[in-house]
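So that you can map any letter, position 225 of the sequence shown is 225 in our numbering, and since no number is skipped, the others follow by simple counting.
Possibly wrong hints are sitting among the right ones.
Stated by the list, open to error - List time: in silico DMTMM-like cross-link candidates among lysine to aspartate or glutamate, alpha-carbon distance up to 20 Å:
#, residue 1, residue 2
1, K254, D243
2, K254, E274
3, K270, D183
4, K254, D237
5, K254, E232
6, K270, D243
7, K270, E106
Hints listed in this document are in silico derivations from the structure and should not be mistaken for laboratory results.
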Amino acid sequence: MWGRPALALLTFLPLVHSPALAQNPRSGISVGGLAYEVVGQGDPVVLIHGFGLDRRAWDPQLPALTAQFRVIRYDLRGHGRTLASVAEPYTHQDDLAQLLFELGVERAAIVGHSLGGRVALDFALSYPGQVTRLVVVGPGLSGYVPRQRPVGFDSVGAALRAGDARRAASFYAETPLMAIPNDSAMHRFMRGIVMDNFAVWGIRTNTERPLNPPAISRLASVAVPTLVIVGENDSGDILTIADTVAAGVHGARKVVVPAAGHMISLAAAKRFTELVVGFLRGR
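Working from the sequences, and respecting the hints, build out all of it.
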């Protein structure tokens with residue numbers, strides 16, 4: 001979820017609306033092809049999901065967030081209802097900047113999980129005047145070289161080499177990285193999203209242009225209030241990244257959620273939502 005993603009030409013998904021979206025949301029496809037939803041009123045907050053997921057991964061947070069903020073959530077390129085790009089180089093941060101321009105949003109708080117955390121940091125460095133607050137959750141970090149191969153990824157890799165993207169996604173959903181202990185219903189919810197997005201594993205492209213210089217060498221330039229959230233049981237690399245971001249961004253606050261892993265927004269949804277809402281409200 002935090003590495004360079006494999007992208008697919010297209011994933012067809014049903015447009016699923018949770019009860020939290022009963023506030024007559026605005027939804028559509030941007031000029032750049034990003035599928036998005038906007039719901040709620042107040043200061044803008046952007047939610048960026050992780051690799052292999054889509055915007056539905058934020059469903060547990062929507063009731064609390066949309067009660068106080070204008071929430072913008074979208075599908076990253078190659079995920080959900082957003083087309084992958086195979087024709088020309090792109091960056092996730094430029095995609096987001098274009099989406100916010102189309103929506104008339106000049107500045108917003110950015111919340112990103114895993115790959116979405118990497119995108120949030122890259123966006124804050126590329127468009128510093130457009131970010132009010134930053135929340136990164138079990139984040140990726142451009143320029144960071146992983147020290148360990150996540151447990152279970154050998155099976156994912158074998159399925160990909162065999163040309164079986166669906167099986168790769170199935171293995172991925174069952175890796176410790178994606179575990180949601182003691183909540184079978186939430187695990188099924190997460191697994192369903194991963195399987196809907198199985199095609200993201202199917203085609204590898206080199207069209208994503210990396211941030212240069214990478215964020216790991218520029219963290220001191222992030223000049224907005226920043227919250228780093230990480231689960232106590234997340235992978236060693238993610239824990240290291242969380243420490244690196246918290247130490248590198250001036251004034252950043254880090255919160256470690258006990259007994260939680262990488263999928264903290266789903267596995268510890270109540271505590272996670274409280275942390276995010278409190279930070280966005282300036283507490």
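Do the hints match the structure? See the list:
1. Annotation: proposed proximity of K254 to D243 holds, straight-line Cα distance about 8 Å (limit 20 Å).
2. For the hint linking K254 to E274, the alpha-carbon distance of about 15 Å falls within 20 Å, and the restraint holds.
3. Using a Cα cut-off of 20 Å, the hinted pair K270 and D183 holds, with the two alpha carbons roughly 13 Å apart.
4. Distance hint between K254 and D237 is fulfilled; the C-alpha atoms sit about 16 Å from each other, no more than 20 Å.
5. For the proposed pair K254 and E232, the alpha carbon gap of about 12 Å is at most 20 Å, so the pair holds.
6. Using a Cα cut-off of 20 Å, the hinted pair K270 and D243 is violated, with the two alpha carbons roughly 23 Å apart.
7. For a cut-off of 20 Å, the pair hint linking K270 to E106 is broken: about 30 Å separates their Cα positions.
When held up to the earlier numbered hints, the structure conflicts with 6 and 7 and fits the remainder.
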